[in-house]
Every structure is written in C-alpha cells, then in structure tokens.
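Enquirer: Each chain, letter by letter, is given below.
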Amino acid sequence: MEAIRVEGLSKTFQVKRKEKGMRGSLKAVFHPHMEKIRAVDDVTFSVQEGEILAFIGPNGAGKSTTIKMMTGILYPDGGKVEVLGIDPVKKRRRLAYEIGTVFGQKEQLWTHLTPYDNLKFFGAIYDIPDDEGEKRIREIAELFELGAFINTPVRNLSLGQRIRCEIAASLIHRPRVLFLDEPTIGLDPVVKENIRTLIKRMNTELNTTIFLTSHDTGDIEKLCRRIIIINSGKVVLDDSMEHLKYNVSDTPLEDIIMEIYKSQGRGEAV
Amino acid sequence: MKKYAVIYRSVLMENLQYAANAAMGFVSYFVFIFIFTQLWNYVYSDPGQLIAGYTREQMIWYVMITEMLWFGTRAAAVSGQAAMDIRGGNIAYQINKPYHYALYLLSRYTGEWSVRLPMYALLSAVTGLVLVGGLPGFGILTFLAVIPSVVLGITIHAVFKLSISFFSFWIEDSNPFQWLYDKLLLVVGTLFPVEIFPKALQPLFRLTPVYTVCYGPAKLIVDFSVEKWVEILVAQLFYLAAGCALMFFIYGKGVKRLYVNGG
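Protein chains in written order, with our numbering: chain A, 284 to 553; chain B, 5 to 267.
So here's chain A without its partners, still in its complex pose (with noise of 0.2 Å):
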C-alpha cells in the first residue's frame, strides 16, 4: 500500500533581491527588486508503506520545502499530495495525527521541562488518555534508553540525548509515517550511530514508514532501500539502493552521490 503519493508537485518562492551596498539599499526602498524561485519543479513519486526512503540532494535543492509540503507546512502551487490518503492542504490537523516529523536543526521540546514533561505533554496534544500515555512513555523510554536522563530538564542534556529526546517525541503518538530531515546533523559518529539502530527498529518493530533527508551517506548506506536524489527543484534519481551500488560497485556511496550532484550542476534554489 502507497504511504505516500506525489504527482507534478511545484513550490514557487518570491525571493528580496537587493543590489550591493548602500546604493542597492536605498534604491530597493523605492524599487524592490523580487525574484521567483522555483523550489521544486514537478516532483513525481511514491513510498510504500513500510520502506525507508533516503531523498537527497545538496543545500538548497527543494528537500525540506518538499517535506513541509507533504506535512502541511506550505501549500503547493500545482501539483497533487497525499500522505496515506490524506490532502495536507485540506486535512492538515488530521494528518497530524498520523504523521511525526523532525527537523534536526529545529527545536519542537520544550526546554525548560524535562523529557518525561515533554512527552506527557505531546501525549496529551495528541489527545492520548492518561493510562496509555504512560504505558507509551515507559516503552518509549525504554527503546530510546531515555531513563538516565528522563527527569532532567531538556536545556541540560547534550545533543545527542535531546535528538534522542526529539525523536522520541515524534513517537508518542505511534504515527504511521515519520518524516526526519537531517536528524543526525551534528552529532558524533557513536550517537549518529545509536539514531540509526532506533530508526531502524521503529521501522521493523513498529512499521513506521521513514521519510529521510540527510547529508550523511552512512545514514542513508545504513538504512535506506531507495533512494531519490533532488536538485534545483527536480527529481533527478530514483532508484533502489542495491542498483545504485550494484551498478558501480567500486565506486563509495558518497562518491556516487557527488558525481550525479555534478552531472546535475548545483542549482540554487531555495
């Protein structure tokens, strides 16, 4: 069953362009210059329920806009969404419900209260009964190992522990599609690893269906099964992990991945 469905989707952006110094000031008082940007032109695909997919591209290319557009976030200009079953534009609170999303250079927990407030309060938001919500917060707690620190408040702990935290929050309401945009971003390569064995288990345990964006190979050799690579806006690659790597065999996975951003050119979109 499709989790995800994506046809002829487009974001236009109107982007400030200021000619240099003063000068370029005071004339775009008076004159300002705008100028359209198409974020993301014509995206096509899908995701089937239960995959993890790895959708890549460099700084810029139209991932994130993609993602807030599959959540709600932003309204497209043309194009058809539909994440399982569901329009974000018209259902966007009951979409909600059945989705997670974490941006990893986004705060979404509250600081000055510790995990274990945080999570009673997402469950509460997401209107989950008291008695359940605790049986969810021992069993997230236990997944993501969260007990040493699950009384501390969130403005104390390190970053690895607060993405830990970040996701787990996700988590609270079972959502049936996780979207994770760059969620290893900063982290050490033990940490990064210990993300990547909580991803995966939710995804084998749970069947979460995982949505990533990440600029870490190792994120995407170690879990993903397919992978789309996005730039200036278009979907340039859609493939299986295993073709990709079958094909040119020798060749590192980052390595494969910088050539095609190079066959591509590095737009600048938004």
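The set of hints was computed from the structure by calculation and includes no laboratory data. This one's a predicted model, so the numbers in the text were calculated from it and none came from an experiment. For glycine and all other residues, C-beta sits at the position ideal for the given N, C-alpha and C. The reader is advised that the hints may include incorrect statements.
As the list claims (entries may be wrong) - In silico lysine to any residue, SDA-like type, Cα no more than 20 Å apart, as pairs:
| no. | chain 1 | residue 1 | chain 2 | residue 2 |
| --- | --- | --- | --- | --- |
| 1 | B | 7 | A | 445 |
| 2 | A | 389 | B | 92 |
| 3 | B | 7 | A | 457 |
| 4 | A | 299 | B | 177 |
| 5 | A | 373 | B | 258 |
| 6 | A | 374 | B | 101 |
| 7 | B | 260 | A | 358 |
| 8 | A | 517 | A | 409 |
| 9 | A | 483 | A | 445 |
| 10 | A | 363 | A | 521 |
| 11 | A | 373 | A | 361 |
| 12 | A | 299 | B | 107 |
| 13 | A | 517 | A | 291 |
| 14 | A | 299 | B | 92 |
| 15 | A | 374 | B | 261 |
| 16 | B | 257 | A | 375 |
| 17 | B | 260 | B | 123 |
| 18 | B | 6 | A | 415 |
| 19 | B | 7 | A | 534 |
| 20 | B | 101 | B | 257 |
| 21 | A | 363 | A | 285 |
| 22 | B | 101 | A | 368 |
| 23 | B | 101 | A | 380 |
| 24 | A | 301 | A | 319 |
| 25 | A | 374 | B | 84 |
| 26 | A | 389 | B | 84 |
| 27 | B | 101 | A | 419 |
| 28 | A | 483 | A | 443 |
| 29 | B | 260 | A | 361 |
| 30 | A | 528 | A | 334 |
| 31 | A | 505 | A | 534 |
| 32 | B | 101 | A | 413 |
| 33 | B | 260 | A | 362 |
| 34 | A | 374 | B | 257 |
| 35 | B | 7 | A | 399 |
| 36 | A | 389 | B | 93 |
| 37 | A | 373 | B | 104 |
Claimed, not checked - With the Cβ distance kept under 10 Å, some of the chain B side facing chain A (calculated, not the full set):
| no. | residue |
| --- | --- |
| 38 | 10 |
| 39 | 11 |
| 40 | 19 |
Please arrange chain B on chain A, whose structure you already have, making use of the hints.
Expert: Same frame as chain A, now just chain B:
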C-alpha cells in the same frame, strides 16, 4: 479544549521555575508608580478635589491598576513569538501539530500572565495601601465581580496583539505596528483615564480596544457600579468576538503565504 489546558499547564510549570525573575520587573514598576503618585499628589492641591470625576485616591489607584496590568501581562507569546517562529522557521513544528497555532499562543500567553499578574497584584495592593491608603467602596464583592472583566480585558489585548503579530506572514517585522498599538494603550488608557481627554475625543477612544482592555477593568475597580459593570462586560464580549474573527481571518490568510526556508 483539553490540549489547550495542557499547553497552559506546561507554560505555568515552566514559568513557575523562573518566578523570581519576574521580581526584577518590580523595581521599574515601583519607580513608575512612585513618580506618578508624587505627580498626582502635586496636582491634587485640595484633598476633596475631583479631576475628571476622580478623587486623588481613585486617580492613583487607577494608574496603579493599569500599570499592574501592563507590567503583569507583558509577554513575548503575543508580541514577538509569531514573528520569531516565522523568521526562524520553528513555525514548521508548531503548525503541523493537531492544534490551532493562534490558540496555542493564546494558551501560552495565559500561562505566562497567570504566574506574573498575581505577583504584581499583591505588590500593587501593598504599594497602594502604603502610598495612598485603601480604596473607598472596594470590597470582596467588587473584587470578585471585576475578575471576569480583567481576564476578558487581558484576552482581548492578546487577541489584538496576535492579530498584529500575524502581519509577519506578509512583512518581515511587525514590531512597528506593535509599537503603535502599545503606545495607544499606554497613553490613552494606562497613564490617564479616558475622562481626562477632551470630550470630543472620548467617544472615539471608547471605540478603540483601550476601553475594553485597560480602562474598563480599572474603572470598575476604582468606581464600581452594576450599570458600568454590565456595559463594560457587554463591550468586552463584543470586542472579544470581533477580535477573534479578525485574528483567525489574518492567520488563515497569512499561513497560506508562509515561506520557510533554510532546512
């Protein structure tokens, strides 16, 4: 509604940890009140004198109450938070949750002032009793009667501040608009009661949020009457409904224009 109560409770828990920080604001509040007390003591040369219908005690208590509301309910949740979330991209985490972002901010704000305002209320009561003495005619019944008006006034204030905050969906910085709104409240309804201003302007001021946000609750505390109480509560309910309609309208239009980049 349960989830908004949970947001409120979480903010309360968060803010209780930093209750002592609020005490730092007491110093500027106290200096402010002391200056205004001296000013009104000088203006009221005769103890029985009335200015714009207010005795000296009523005038000083009026300023203390409106300043208490000003200092005790100041919070980023309704002024800069939306702009910060939009500019920093954190809004991505807020609007894909199963709650309404505007009501989320409103619950946060309520949690923030719930900790600070009672502390300022206690400080105001002590300061007022020491500097000018008790307020004639004010008793426990008046106190209980004005609570809904105070809560409604603060909520209307929040709804208008949030409506202005949501301009950030279109413009990069909504602070200049926040500044104009704050100064209108400060000059027209906070430092001076509406009756001080020329008669020709008073009906105009009564049409602004000033009447329902600060003037109304403070007027009821210093000079309570049932007629006034009903008049102010009806005006507040009308303003709340109109303010909420405006806030949801601006948010609904703005969120479709959201532009979040940078991961």
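Enquirer: Compare the structure with each hint and give your call.
Expert: Hint-by-hint comparison with the structure:
At most 20 Å may separate the alpha-carbon atoms for a hinted pair to count; residue 7 of chain B and residue 445 of chain A exceed this at roughly 24 Å. Distance check on the hinted pair: residue 389 of chain A and residue 92 of chain B sit about 9 Å apart at the alpha-carbon level, within 20 Å; holds. Straight-line distance between C-alpha atoms of residue 7 of chain B and residue 457 of chain A comes to about 18 Å, which keeps the hinted pair within the 20 Å bound. With a C-alpha separation of about 15 Å, the suggested pair residue 299 of chain A and residue 177 of chain B falls inside the 20 Å cut-off, and the hint holds.
Our distance criterion of 20 Å between C-alpha atoms is met by residue 373 of chain A and residue 258 of chain B, whose separation comes to about 16 Å. Restraint check: the Cα-Cα separation between residue 374 of chain A and residue 101 of chain B comes to about 12 Å, which is no more than 20 Å; the hinted pair holds. Among the hinted pairs, residue 260 of chain B with residue 358 of chain A is consistent with the structure: their alpha-carbon atoms are about 6 Å apart, no more than 20 Å. With a C-alpha separation of about 35 Å, the suggested pairing of residue 517 of chain A with residue 409 of chain A is violated against the 20 Å cut-off.
About 19 Å separates the Cα atoms of residue 483 of chain A and residue 445 of chain A, which keeps this hinted pair within 20 Å; it holds. Among the hinted pairs, residue 363 of chain A with residue 521 of chain A is consistent with the structure: their alpha-carbon atoms are about 19 Å apart, no more than 20 Å. For the proposed pair residue 373 of chain A and residue 361 of chain A, the alpha carbon gap of about 14 Å is at most 20 Å, so the pair holds. Only pairs whose Cα atoms come within 20 Å are accepted, and residue 299 of chain A paired with residue 107 of chain B is rejected, the gap being roughly 31 Å.
Under the criterion of a C-alpha separation no larger than 20 Å, the hint pairing residue 517 of chain A with residue 291 of chain A is consistent with the structure, at around 10 Å. Restraint check for residue 299 of chain A and residue 92 of chain B: the C-alpha separation of about 17 Å stays at or below 20 Å, so the hint holds. Of the supplied pair hints, the one linking residue 374 of chain A and residue 261 of chain B holds, its CA atoms being roughly 17 Å apart against a limit of 20 Å. Of the pairs offered as hints, the one joining residue 257 of chain B and residue 375 of chain A holds, with about 15 Å between alpha carbons and a cut-off of 20 Å not exceeded.
Among the hinted pairs, residue 260 of chain B with residue 123 of chain B is inconsistent with the structure: their alpha-carbon atoms are about 40 Å apart, more than 20 Å. Distance check on the hinted pair: residue 6 of chain B and residue 415 of chain A sit about 16 Å apart at the alpha-carbon level, within 20 Å; holds. A distance of roughly 51 Å separates the Cα atoms of residue 7 of chain B and residue 534 of chain A; the hinted pair therefore is violated under the 20 Å criterion. Among the hinted pairs, residue 101 of chain B with residue 257 of chain B is consistent with the structure: their alpha-carbon atoms are about 19 Å apart, no more than 20 Å.
Distance check on the hinted pair: residue 363 of chain A and residue 285 of chain A sit about 14 Å apart at the alpha-carbon level, within 20 Å; holds. The suggested pairing of residue 101 of chain B with residue 368 of chain A holds, with an alpha-carbon distance near 18 Å, which does not exceed 20 Å. Only pairs whose Cα atoms come within 20 Å are accepted, and residue 101 of chain B paired with residue 380 of chain A is accepted, the gap being roughly 8 Å. The suggested pairing of residue 301 of chain A with residue 319 of chain A holds, with an alpha-carbon distance near 14 Å, which does not exceed 20 Å.
For the proposed pair residue 374 of chain A and residue 84 of chain B, the alpha carbon gap of about 28 Å is over 20 Å, so the pair is violated. Simply put, residue 389 of chain A and residue 84 of chain B have alpha-carbon atoms about 18 Å apart, close enough for the 20 Å limit, and the pair holds. Restraint check for residue 101 of chain B and residue 419 of chain A: satisfied, since their Cα atoms lie roughly 19 Å apart, inside the 20 Å limit. Taken as a hint, the residue 483 of chain A and residue 443 of chain A pair is honoured in the structure, with Cα atoms around 17 Å apart against an allowance of 20 Å.
About 14 Å separates the Cα atoms of residue 260 of chain B and residue 361 of chain A, which keeps this hinted pair within 20 Å; it holds. Restraint check for residue 528 of chain A and residue 334 of chain A: the C-alpha separation of about 18 Å stays at or below 20 Å, so the hint holds. Between residue 505 of chain A and residue 534 of chain A, the direct Cα distance comes to roughly 16 Å. Compliance with the 20 Å bound is thereby established for this hinted pair. Simply put, residue 101 of chain B and residue 413 of chain A have alpha-carbon atoms about 19 Å apart, close enough for the 20 Å limit, and the pair holds.
Of the supplied pair hints, the one linking residue 260 of chain B and residue 362 of chain A holds, its CA atoms being roughly 16 Å apart against a limit of 20 Å. At roughly 16 Å between alpha-carbon atoms, residue 374 of chain A and residue 257 of chain B fall within 20 Å of each other, so this suggested pair holds. At roughly 17 Å between alpha-carbon atoms, residue 7 of chain B and residue 399 of chain A fall within 20 Å of each other, so this suggested pair holds. Restraint check for residue 389 of chain A and residue 93 of chain B: the C-alpha separation of about 8 Å stays at or below 20 Å, so the hint holds.
Under the criterion of a C-alpha separation no larger than 20 Å, the hint pairing residue 373 of chain A with residue 104 of chain B is consistent with the structure, at around 14 Å. Here the hint on residue 10 of chain B is kept, as its CB sits about 4 Å from the closest CB of chain A, short of 10 Å. For residue 11 of chain B, the interface hint holds, the least distance from its beta-carbon to any beta-carbon of chain A being 8 Å, beneath 10 Å. Taking 10 Å as the C-beta contact cut-off toward chain A, the hint placing residue 19 of chain B at the interface holds, the least distance being around 9 Å.
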